[in-house]
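Residue numbers (the working numbering), protein chains in the order written: chain A, 55 to 167; chain B, 515 to 624.
It is worth saying that the hints were derived from the structure and are not from the lab. Just so we're clear, the structure is a prediction, and the values are computed from it rather than from any experiment. Where is the CB? At the ideal position from N, CA and C, for every residue including glycine. Be careful, since some hints might not be right.
With a straight-line Cα cutoff of 25 Å, these simulated SDA-like cross-link-like pairs (lysine to any residue) come out [to be verified]:
hint	chain 1	residue 1	chain 2	residue 2
1	A	Lys57	B	Glu559
2	B	Lys593	B	Leu561
3	A	Lys125	A	Thr137
4	A	Lys124	A	Tyr104
5	A	Lys107	B	Lys583
6	A	Lys107	A	Thr137
7	B	Lys611	A	Glu71
8	B	Lys583	A	Lys57
9	B	Lys573	A	Met81
10	B	Lys556	A	Pro149
Here are a few chain B residues that face chain A, going by a calculated C-beta distance under 8 Å [claimed, not checked]:
hint	residue
11	Asn536
12	Thr540
13	Gly543
14	Gly546
15	Pro554
16	Gly555
17	Lys556
18	Phe560
19	Ala567
20	Gly568
21	Phe586
22	Tyr610
23	Phe614
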Amino acid sequence: DVKVTQSSRYLVKRTGEKVFLECVQDMDHENMFWYRQDPGLGLRLIYFSYDVKMKEKGDIPEGYSVSREKKERFSLILESASTNQTSMYLCASRPGQGAGEQFFGPGTRLTVL
Amino acid sequence: EDQVTQSPEALRLQEGESSSLNCSYTVSGLRGLFWYRQDPGKGPEFLFTLYSAGEEKEKERLKATLTKKESFLHITAPKPEDSATYLCAVQASGTYKYIFGTGTRLKVLA
Numbered sequence: 055d056v057k058v059t060q061s062s063r064y065l066v067k068r069t070g071e072k073v074f075l076e077c078v079q080d081m082d083h084e085n086m087f088w089y090r091q092d093p094g095l096g097l098r099l100i101y102f103s104y105d106v107k108m109k110e111k112g113d114i115p116e117g118y119s120v121s122r123e124k125k126e127r128f129s130l131i132l133e134s135a136s137t138n139q140t141s142m143y144l145c146a147s148r149p150g151q152g153a154g155e156q157f158f159g160p161g162t163r164l165t166v167l
Numbered sequence: 515e516d517q518v519t520q521s522p523e524a525l526r527l528q529e530g531e532s533s534s535l536n537c538s539y540t541v542s543g544l545r546g547l548f549w550y551r552q553d554p555g556k557g558p559e560f561l562f563t564l565y566s567a568g569e570e571k572e573k574e575r576l577k578a579t580l581t582k583k584e585s586f587l588h589i590t591a592p593k594p595e596d597s598a599t600y601l602c603a604v605q606a607s608g609t610y611k612y613i614f615g616t617g618t619r620l621k622v623l624a
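Please put together the full structure from these sequences, using the hints given.
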């Protein structure tokens with residue numbers, strides 16, 4: 055079974071802090087994604103990585119950056135956390151190009167005070 | 515614009531009362547349609563992938579179907595443990611992006 059893990063289930067940070075969210079997948083998947091999920095808005099794509107060191111902006115990249123130094127690990131960075139970044143953050147992966155389902159991690163509930 | 519709409523937003527069923535959830539989509543060339551189940555505070559769990567109109571997939575009490583404009587998730591004789599939010603997503607041709615609906619919150623009462 056595909057396993058996607060995220061570094062924290064719950065995180066509380068203060069405004070202005072730099073925040074790191076880590077995601078690791080164990081199935082040698084090429085593609086990895088970061089989403090945020092807010093009530094009534096569904097899942098919105100923040101960033102996508104199609105290979106090591108490769109990334110593309112999603113629909114809402116402002117205030118975020120990403121890093122993918124190794125194939126199995128995809129990090130989301132909040133450069134200076136703000137209260138409007140309080141959300142559920144979900145990481146996903148999938149094997150490679152073309153059609154196919156994504157596999158999600160358990161999520162990180164981030165609260166910015 | 516590519517779009518996914520799920521209905522109803524919320525659904526309450528008695529145990530054993532069968533029903534269907536709807537996912538309507540507009541997309542410029544469908545690459546795949548995906549159903550997920552999400553429990554509160556957890557990540558979505560993959561259920562089904564459908565690729566072309568007329569395709570059907572089944573798993574226990576769930577059956578997913580696909581037409582050119584919509585997909586249905588049929589739940590037969592549901593149990594309380596089927597209570598969750600069900601998400602639908604589509605992937606359009608020529609893109610890596612997935613467009614998600616806002617989900618249907620299903621509550622099955624014992």
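So, going through the hints one by one against the coordinates:
Taken as a hint, the Lys57/A and Glu559/B pair is honoured in the structure, with Cα atoms around 11 Å apart against an allowance of 25 Å. Restraint check for Lys593/B and Leu561/B: the C-alpha separation of about 17 Å stays at or below 25 Å, so the hint holds. Of the supplied pair hints, the one linking Lys125/A and Thr137/A is violated, its CA atoms being roughly 31 Å apart against a limit of 25 Å. This hinted pair checks out: Lys124/A and Tyr104/A have alpha carbons roughly 12 Å apart, not beyond 25 Å.
Using a Cα cut-off of 25 Å, the hinted pair Lys107/A and Lys583/B is violated, with the two alpha carbons roughly 37 Å apart. For the proposed pair Lys107/A and Thr137/A, the alpha carbon gap of about 29 Å is over 25 Å, so the pair is violated. Of the supplied pair hints, the one linking Lys611/B and Glu71/A is violated, its CA atoms being roughly 30 Å apart against a limit of 25 Å. For the hint pairing Lys583/B with Lys57/A, the CA-to-CA distance comes to about 32 Å; that exceeds 25 Å, so the pair is violated.
Our distance criterion of 25 Å between C-alpha atoms is met by Lys573/B and Met81/A, whose separation comes to about 24 Å. Distance check on the hinted pair: Lys556/B and Pro149/A sit about 22 Å apart at the alpha-carbon level, within 25 Å; holds. A least Cβ separation of about 16 Å between Asn536/B and chain A goes past the 8 Å threshold, and the interface hint is therefore violated. Nearest Cβ of chain A to the Cβ of Thr540/B: about 15 Å, over the 8 Å cut. The hint is violated.
Because the beta carbon of Gly543/B sits about 11 Å from the nearest beta carbon in chain A, more than 8 Å, this interface hint is broken. Proximity of Gly546/B to chain A holds as hinted, the smallest CB-CB distance being about 4 Å (cut-off 8 Å). The interface hint given for Pro554/B is violated, since its Cβ lies 10 Å from the closest Cβ of chain A, which is over the 8 Å cut-off. Among the interface hints, the one on Gly555/B holds; its C-beta lies about 7 Å from the nearest C-beta in chain A, closer than the 8 Å criterion.
At a threshold of 8 Å, the smallest CB-CB gap from Lys556/B to chain A is about 6 Å, leaving the interface hint in force. At its closest, the beta carbon of Phe560/B sits 5 Å from a beta carbon of chain A; the interface hint therefore holds under the 8 Å criterion. Taking 8 Å as the C-beta contact cut-off toward chain A, the hint placing Ala567/B at the interface is violated, the least distance being around 15 Å. Checking Gly568/B against chain A: minimum C-beta separation of about 17 Å lies over 8 Å; hint violated.
Below 8 Å, beta-carbon pairs count as interface contacts, and Phe586/B has none with chain A, the closest being about 18 Å; its hint is therefore violated. Because the smallest distance between the Cβ of Tyr610/B and any Cβ of chain A comes to about 6 Å, under 8 Å, the interface hint for this residue holds. For Phe614/B, the suggested interface contact is upheld, since its CB lies about 4 Å from the closest CB of chain A, less than 8 Å.
The structure does not agree with the numbered hints 3, 5, 6, 7, 8, 11, 12, 13, 15, 19, 20, 21 stated previously, though it agrees with the rest.
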